[in-house]
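Novice: The listed protein sequences derive, respectively, from chains L and B.
Heads up: the first sequence begins at 1 in the working numbering, then just goes up one per residue.
Heads up: the second sequence begins at 1001 in the working numbering, then just goes up one per residue.
Rather than coming from a laboratory, the hints here were simulated on the basis of the structure.
The beta-carbon is built from N, C-alpha and C at its ideal position, and this holds for glycine as well.
Treat the hints with care, since some could be wrong.
Said to hold, decoys possible - With a straight-line Cα cutoff of 20 angstroms, these simulated SDA-like cross-link-like pairs (lysine to any residue) come out:
1) B:K1415 with L:R430
2) B:K1284 with B:V1296
3) B:K1415 with L:R414
4) B:K1092 with L:L9
5) L:K183 with L:Y8
6) L:K7 with B:L1006
7) L:K183 with L:K213
8) L:K80 with B:K1318
9) B:K1210 with B:A1274
10) L:K7 with B:E1008
11) L:K88 with L:Y211
12) B:K1028 with L:I72
13) L:K88 with B:E1012
14) L:K213 with B:R1016
15) L:K80 with B:L1006
16) L:K69 with B:E1110
17) B:K1092 with L:L382
18) B:K1092 with L:G346
19) B:K1210 with B:R1297
20) B:K1028 with L:H412
21) B:K1385 with B:K1415
22) B:K1102 with B:E1143
23) B:K1415 with L:Y211
24) B:K1102 with L:G346
25) B:K1318 with B:S1437
26) L:K69 with B:K1028
27) B:K1118 with B:K1092
28) L:K7 with L:H412
29) L:K7 with B:I1097
30) L:K213 with B:G1178
31) B:K1118 with B:D1027
As the list claims (entries may be wrong) - Pair by pair, the computed Cβ-Cβ distance ranges are:
32) B:T1302 with L:A381: 48 to 54 angstroms
33) L:G310 with B:P1080: 37 to 43 angstroms
34) B:R1429 with L:G165: 45 to 51 angstroms
35) L:K213 with B:E1416: 29 to 35 angstroms
36) B:E1384 with L:I72: 38 to 44 angstroms
37) L:P77 with B:K1353: 45 to 51 angstroms
38) B:G1132 with L:A381: 37 to 43 angstroms
39) L:P124 with B:T1019: 52 to 58 angstroms
40) L:R260 with B:R1429: 34 to 40 angstroms
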Amino acid sequence: MSSNPPKYLSTTNACKLCAPLGASLAFKGVAGAVPFLHGSQGCATYMRRYLISHFNEPIDIASSALGEKNAIFGGGPNLKLGLTNVIKKYHPELIGVATTCLTETIGDDVARFLAEYIREVNDPTLLPRIVRVSTPSYSGTHMEGFHAAVTALIAALAEGGEANGIVTLLPGLVSPADLRHLKEIMAEFGLDSVLLPDYSDTMDGQAASRYEKIPTGGTTLEQIRSTGAGRAVIEFGRTLGESPSGGTVLKTRFGLARHRLGMPIGIRESDAFLALLAELSGRPSLPASLQAERGRLIDSLIDGHKYLFGKRAVVYGEEDLVVGLTAFLSEIGVRPVLCASGGRSGHLQAAVSAVSEGFLPEAPLVREDTDFFEIAEEATALAPDLIIGHSKGYHLARRLNIPLIRLGFPIHDRLGGQRLLHLGHRGAQRLFDEIVNTVISRQQERSPVGYSYM
Amino acid sequence: MPQAALLEERHEQIHRTGTAPCEIACDKESLAGAVSQRACLFCGSRVVLYPIADALHLVHGPIGCAVYTWDIRGALSSGPELHRLSFSTDLKEREVIFGGEKKLKAALLELIARHAPKAAFVYSTCIVGIIGDDLEAVCRGVEAETGIPVIPVQSEGFKGNKRAGYHAACRAMARLVGTGDTSGISPHSINILGDFNLAGEIWLVRDYFKRMGIEVVANITGDGRVDDLRRAHGAALNVVQCSGSTMELAKIMAESYGTPSLRVSYFGIEDMAASLYSVAAFFKDPAMMERTRQVVRTEIATIMPELKRYQDELAGKKAAIYVGGAFKAFSLVKAFRLLGMSVAMVGSQTGTKEDYQELAEICDPGTIIVDDANPLELTSFLEEKSVDIFVGGVKERPIAYKLGVGFCDHNHERKECLAGFAGMLNFAREVHASVMSPVWRLAPRPARPTD
C-alpha cells in the first residue's frame, strides 16, 4: 500500500527544510570542521539563523557568496577565494563543501574546482581536508542532505587496514542529548565505537572564558578514517531505502557488516538496538544500568497507561523520527491517527505499518511529501487529542486548542531543544512522562474540581 | 590583536573614530568565506514586502527560501494574516530541467482561489533566472485570469545584497501605487514608509500622528494593505524611516507624483520627538505644532519616572551595536547616551558611506565602525572593548552570550515594541534586564572594568 500523493501543487508551510541545511548540521559534528555552502550568501545566513534559534550556539557556516558575474562565468574563483579565507581565519581541519540550487543549476564542477585548488596551493599537505557533497535544494529534504554529507565524509575519509574492532554508529539527525546518550550506551557495552556525526559538544557548548572559533568536540578525522577497518556499522533509519548511505559505503567498499535499525524510540526499537549491541559485544544480557532503566520505564508505562489509552495523536517531522514515534505511541496506547512528513522516500507507509502492526486497532493515515496546510486539513477532520512534533506545528495546536508535545528539530519557541532526549529507554521515559503529564495537566485544567492528586 | 581576526580585504570596511576621516567602503558584495552576517537580495525584498498582510507572497523556487522565511518576523497585522503563511512552488528536479512556468501558474491559480488575496507578489529565487522562467509573462497571464494585481519581484538572491533587494521590493510596490482612488484624502496626510509594525510599533506611531491631526493613508509596509498602497500617491507627504529599505519607493513617488518625503526615526526619545516635530513643521500649521508638543510632553512625562531608575543603574555601562541598517544605529547610539551608556562599537549590514560618516561624527573617539561584519570580527571587537551589552539580531545573540555579554534583539524578529516613547522604555527595560542579571556573576567571562 502506498501513501496518497499530495493533493495540492503548491507548498504551504513546508514540513521539511532544504538539503544544504542538513549537510551543514552533519559537518558541524566533525572535529575542527567548518561547513561551507557554495552558493549565494543568503543560503548560509538563513540556515545559520534557523539553526541558531534551535541550538542557541554560534554556528558559523561559510559561503562562496556568489554574485551575478559568478553565476554567469562560474563560481570557481569565489569558491577558491572562500576556501582560502576560511583557512586563514579558522584554521580548520576539514571544510565540508555543500552545493546549493544555484551552483548545481549553473553546472559548477565542484570536484574539478577543488582539484585545481589543491594543485594551485604551494603545499597541499598544509591544507585541511576538503569534503564535498552535492545538495541542491530542489532534490530531497534536509535529511537527504544530512545523509549525503555523512556518506561523503565516509567515502572520502574511511580507510581500510588492520581490523580494529570498531563499531560505527550513524544515528541520523538526533539531538545533542541523544548523541551523548548513545555514546554512553556504547560505552556501557564496552564497545569501541565511532559516532558520526557527533555535534553533542559543538551544538550544545559550555560557557567558557575564551571564544572558540571552531567549538571543541565532534568526530575526529582519525575516527572517521578508522571506520573502514571496523567490524560493523549501525545506521538508524527504516526509510533509508536504497539511497546511498554511510553504512552502504562501509559495507560495499570495506566489507563491514551493515545493520539497519529503526531509530531507537520506545521499547521495541530500543530493545532491538540494545540486543544488537549485546550481540556485537558478546554479552549475554544487557548491562545492569540499562536493564534497570528499561524496567523502570515499563513500570511507569503501567502506572500511566489509563491516562493515555485511546488518545489520538498527530505526528509529523522527519520520516525516521515519525516512524520511531509511531512505534512508541502504539506501545503506550496512544493512537497515531496521522503520520506526516515532508520527506518522500517512498518508504514511510511500509515503515509505519511495520512498527505499529498488532499494536494499533487500525493503521494510521500516512502522508509523505506533505506540508502543514494538508496536515492541518487532515488533522481538523481527525479530531486529535495531541500533536507531536517540532515547533512548526504550534499554529495547528493553537488553532485546534490541543497540546503540542515538542520534540525533534526545530524547537524555535522553547529553550533547550538541544537537550531533549528521544532515544533509548531513557529517552522513552522522558517522552512518556511528558506525554502523560501533558494529558493529565489538560484534564486538571479543564476539571471543575481541580484535584491536586491523581 | 584584533587585527588577527581581520582578512586583508576587510580592512577598508572597518574604521576607528578619531584616527582619520571615515572612508568606509561599503555596498560591496560580501567577501567569499568571510561568514557575513548578511543574507541576500531575496531577503531584502522579503523583509520589505512581508508585512503586507492581505497579499499572497509566493516564493518561486525550491523549498529553502520559503521555509526559512516562514513566520519568522514580528510584523503584526490588525486584520488578515496571509503574510504569516509560507507559500512556495517547491521546485523539484523536473521543473529545474523543463522549466517552472507551468507549475508557477498552477500554484498561483490554486492559491489565489483558496485565499482570495488582494494582490500577489511572486518572488524569484536564485535558480529562476538561470532556468529562464518568464515571470513577467506568467504574472501577466494570471493577472488577466484572476483580476488581481500579480507582481513579479526580481529578487534572485545572487543578484546583489540585501540593499538591492529593498530596491526590488520598492519597484514591485511602485506597480501598485497610483492605481487606487485618492478622493477624500485629507491635505494633512502622510504615508508611513519603513516601519514594519514589529510588535505593534506602527500602531503606536499612527496614534501619535492621529493625535497631531494627521491622516495616515498607507502603512508601508507594517500592517500594510494592498488597497492602501494603491492610493498612497494621494498622501501629501512620505515619512520614511530606516536606512533605505523604502527610500527607493519614496524616490519613485517623488518622480511620478511629486510626493515630497522626510526621513525620520522612531527609536529613542530624541529622534522620535524630532520626527514628529519635523512632520508637523512640514504642514506649517501652528495648531498642529501645538498638538505635537502636547503629544511629546505627555509621552515623555509618562515614561520618565521609570526610565530614570534604569538610567541610575545603567550609567557608565558600555554597549556595542550591529544591526541591519545604519539609520537605526544612529538612533541607538543616542538612545544609549540617554541611558548614560557609551557605545564602543557600531556597525551595520547595509549602511552607505554617508551613513558611516555621520555615525563617525556622533560617536565618541575610539569607537569601532564596521560594515558587513562577521562572527570572528564581532567577537574580537567585543572582547577588545569588553562591553556590557550587544544589540543585534538572532545571529549575533549566541556570539554575545558565549562572550558573557548581555544582549538585546533589535532585529525584525523581535517581539518587543522598541519604537516610540513607550518603546524607549521597553528598550531600557530590556537592556537593564540583560545587563543587571545575576547570571553574569556565575559565567566564566574575563574580568571586566565595570564589574
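Novice: Measuring from beta carbon to beta carbon, are T1302 (chain B) and A381 (chain L) in 48 to 54 angstroms?
Specialist: 50 angstroms, holds
Novice: Within 20 angstroms, alpha carbon to alpha carbon, are K80 (chain L) and L1006 (chain B)?
Specialist: The given pair, whose Cα atoms are some 18 angstroms apart, holds under the 20 angstroms limit.
Novice: Taking the Cβ atom of G310 (chain L) and the Cβ atom of P1080 (chain B), is their distance within the range 37 to 43 angstroms?
Specialist: For P1080 (chain B) against G310 (chain L), whose Cβ atoms are near 38 angstroms apart, the range 37 to 43 angstroms holds.
Novice: Check whether the Cα positions of K7 (chain L) and I1097 (chain B) lie no farther apart than 20 angstroms.
Specialist: Violated. K7 (chain L) to I1097 (chain B) sits at ~23 angstroms, over the 20 angstroms cutoff.
Novice: For the pair supplied as a hint, K1415 (chain B) and R430 (chain L), is the alpha-carbon distance within the 20 angstroms limit?
Specialist: 31 angstroms, violated
Novice: Starting from K1415 (chain B), check that the Cα of Y211 (chain L) is at most 20 angstroms away, please.
Specialist: At roughly 28 angstroms apart (the allowed maximum being 20 angstroms), Y211 (chain L) and K1415 (chain B) break the hint.
Novice: Compare the distance between the alpha carbons of K7 (chain L) and E1008 (chain B) with 20 angstroms, and conclude whether the hinted pair is satisfied.
Specialist: This hinted pair is violated, its Cα atoms lying about 53 angstroms apart.
Novice: Sort out whether K1028 (chain B) lies within 20 angstroms of K69 (chain L), counting only the CA atoms.
Specialist: Holds, because 14 angstroms separates the two Cα atoms, which is no more than 20 angstroms.
Novice: Is the straight-line distance between the alpha-carbon of K69 (chain L) and that of E1110 (chain B) 20 angstroms or less?
Specialist: 36 angstroms, violated
Novice: For the pair we were handed, K1028 (chain B) and I72 (chain L), check the Cα-Cα distance against 20 angstroms.
Specialist: Holds: K1028 (chain B) and I72 (chain L) sit about 19 angstroms apart, inside 20 angstroms.
Novice: Does G1178 (chain B) sit within 20 angstroms of K213 (chain L), going by the straight-line distance between their CA atoms?
Specialist: Status violated; Cα separation ~52 angstroms.
Novice: Does the beta carbon distance between K213 (chain L) and E1416 (chain B) stay inside 29 to 35 angstroms, or does it fall outside?
Specialist: 31 angstroms, holds
Of the numbered hints stated above, those contradicted by the structure are hints 1, 5, 6, 7, 8, 10, 14, 16, 17, 20, 21, 23, 24, 27, 28, 29, 30, 31, 34, 37, 39, 40, listed in ascending order.
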